[in-house]
Structure formats: structure tokens, C-alpha cells
Amino acid sequence: DTAVSQTPKYLVTQMGNDKSIKCEQNLGHDTMYWYKQDSKKFLKIMFSYNNKELIINETVPNRFSPKSPDKAHLNLHINSLELGDSAVYFCASSKSTGNNQPQHFGDGTRLSIL
Amino acid sequence: AQTVTQSQPEMSVQEAETVTLSCTYDTSENNYYLFWYKQPPSRQMILVIRQEAYKQQNATENRFSVNFQKAAKSFSLKISDSQLGDTAMYFCAFMTHSGGSNYKLTFGKGTLLTVNP
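Line by line, the protein sequences give chains A and B. Take the first sequence: its letter number 2 is residue 2 in the working numbering, and every next letter is one higher. Take the second sequence: its letter number 38 is residue 38 in the working numbering, and every next letter is one higher.
No wet-lab data here; the hints were simulated from the structure. No experiment lies behind these values; they were computed from the predicted model shown. It is possible that some hints are incorrect.
Derived SDA-like pairs: lysine to any residue, alpha-carbon spacing no greater than 20 Å straight-line [stated by the list, open to error]: (1) K55(B) - N31(B); (2) K41(A) - K55(B); (3) K70(B) - N100(A).
With the rest of the complex left out, here is chain B (with noise of 0.2 Å):
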């Protein structure tokens, strides 16, 4: 089974500073994708940052930068200069195979990421 585990359930920073939360993932497969996915208190669902398993440079959108480590299997995020609209909950998630072309993605129990003023 393909799993995706956030072993760290609540995290807090000060404001301005930087973050890292923790991904890793178990999988077979050798081309895939990696999501981050932010839940602000208004319950949307927001798409932070993506890797490509083949590409060894880790993607970055703004303050946000992934440290993607494939033989680790690991996934983390990296928030730069955490602001206070950063607060929420943070879900890794891995594009996993549901039989034929057709995929699904598999989520981790999810990071709430509390910044400090």
C-alpha cells in the first residue's frame, strides 16, 4: 500500500521566521507526483507546491521551496519568512495508481501550522 505519513501533528513559528514540516511516502513506482495542499481556518483546499519525482531540483513558488529527497523518500516544505496568513493546516499528498491509467491522490493526516505574531 501506498502511504504518506506527516509525523508532525501540530507546529508553531514566530512570525517572519522560517518553517520546515516533515513528509515522507512509501511507493513502488519510479515517475510520480508530490503535492502540498494548504487548509486555512476557511476550509479551502489550496495547492501550495508540486514535484516531479524525475526532476532532481526542488521545486520553489515564493516563500515556499520543497526539499525533495527521492531515495529517502521524503518530501518536506520550507516556509520562508512565515507570515501570519500561513496558519493553517498543511496536508502532503502523493499521486498514487488506482488500476489503469487512472490515479487518485493519497493524503497524509495533515501538519496545523500555527504562526506567531
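Chain A with its partners taken away, still in its complex shape (with noise of 0.2 Å):
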């Protein structure tokens, strides 16, 4: 019953090489997300898709590309990677894109790039 699942949890992988991260929530939520946290700590957005268009990009390099099949699904997929790419990346799932309206986070995939 688990409600932002994502797969794989651990990714390791040699840098150069092209990898996808996929993100399904069963929360009947419109808006999904995707954080990156840094080896630092800190989280910051990177993409959010509303009802399966993309609404937020924060500046993220063209090599990051997420992709959503329908509402429920927030995959995001990555070219070329680079060992500054080495992070955890977050899911997350809101009910709309109100202000008022909480984020529920999956539990992360740790990526790591040799």
C-alpha cells in the first residue's frame, strides 16, 4: 500500500552511460515532482508535472529528462551521466499545485556514479 514508490532504490552506474529512475503514485494525486539531494543535504526541484504536463524546470541540464505517461506515473530519465549527477533523487506527489496542499515523498534512489 505504499503511496510515491520508486525502483530502483540504488542505482550504480559507469558515468557516460544513459539510466531512467521510475515513479508511481497511488494517491489519485494531479501533481508530481522531482527533487534532487546533494551529497550535502540539500534538496532542491528539480521538474513538476501537472496532470502529465510539465508546469516547473528548474534549470535542469538537457541530459535530465523526465517523462509522465499519464497522472500517476513520473519517470525521469538521465544521458550522459556525469559524476556531479551522483545524488538521491526524490519523488513526490501532491493532491494540485495549490499552495496549501503537502508533498508526499517516495523513499529515494541513491544514484552513484563510478
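Two independent chains are provided; combine them into the complex using the hints.
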């Protein structure tokens, strides 16, 4: 009965590879997000989708491409991985885009680039 | 720019005692929402409490309460009767406007709280 689930939980790969992280929510929410947490634990939003449409894109390199096949899923594909991409990536969802809507987070995916 | 500042990188408290984590923010908006999230060693991000800026009454959730001072733009978290399971990184977050009707969470850098037996 997990609300926001991400796969995989851990991802170790070589520099230059392409990888994807999947996210699914079963809360019936309309809005989903991707956050990056760096090695100093700082959390920053990357993207947000509302009903499958991109609404927030926070100056993220073009190598990162989110895709939302339906409003319950938001996947993150990363091309040509670099050392600086090593981080924990969190998916989150909220009922809508309003400023009173709490966001529910997945357990995170730790991406390590060798 | 709207920012969130947590001035205490680390804090510790004895079990059963009370601890207060500080948070200040900067905004020109009048109606907004503030949140505290907890991240234990398991890495999950757990919503602890939220406060609506137009409500003068401070939010409470069991042992967790906030001291919200709108004029001072301060939003501190008080944990009473601290328990070992409260050991975690605590993030203050502010819902900031991101164009149109869209909002995003802006986080502080976090306070690592250790509860000692």
C-alpha cells in the first residue's frame, strides 16, 4: 500500500551511461515532482508535472528528461551521466498545484556514478 | 528571491527533554504555507507539521508544535518529550510561487537532530 514508490532504490553505474528512475503514486494526485538531494543533504526541485504536463523546470541540464505517461507516473531519464549527477533523487506528489498542498515523498533513489 | 534559513546545522537533546529547531524565511507574499519535514537515517521524507500563514494559531501534532511569528518571518519547531526515534535531519520548507498557479517547495539546508539516551 505504498503511496509514492520509486525504483530502483539504488543505482550504481559508469560515467557516460544512460539510466532511468521510475516513480508511481497511488494517491490519485494530479501533481508530481522530482527533487535532487546532494551530498550535503540540500534538496532542490528539478521538475514538476500536473496532469501529465510540465509546469516547473528548474534550470536542469538537457541530459535530464522527465516523462509522464499518465498522471500516476513520472519517470526520470538521464543521458550521458556525469560524476556530479551522484545524488539521491526523490519523487513526490501532491493533490494539486496549490500552495496549501503537502507533498508526499517516495523513499528516494541513490544514484552513484563511478 | 524567496529563501529559507536554518541556522543550526546540528543539535542534540537528551531523551524526554524538549528541543526547538529554528527556521526563518523571506517572502513578499501574504498568504503562504510552511512545512517541517523529517528525514531519518532510513532516508524517507516525512511530513511532520504544516502552518498556514493566515492562521494566527500555532499548529500542533502530538509532541510537535510550531512557534510561528509572521512579522518576524520565523517558523520554529518544538519537539517535546524527545524520543530516540526523533533522531533525524529536519527540513523547514516554504511553498514558493513558481509562475501562474504553480508552487514549489523551497527547503532550508536542514538541522541534524540527535536524541541521546
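**Q.** Contradicted hints - numbers only
**A.** 2
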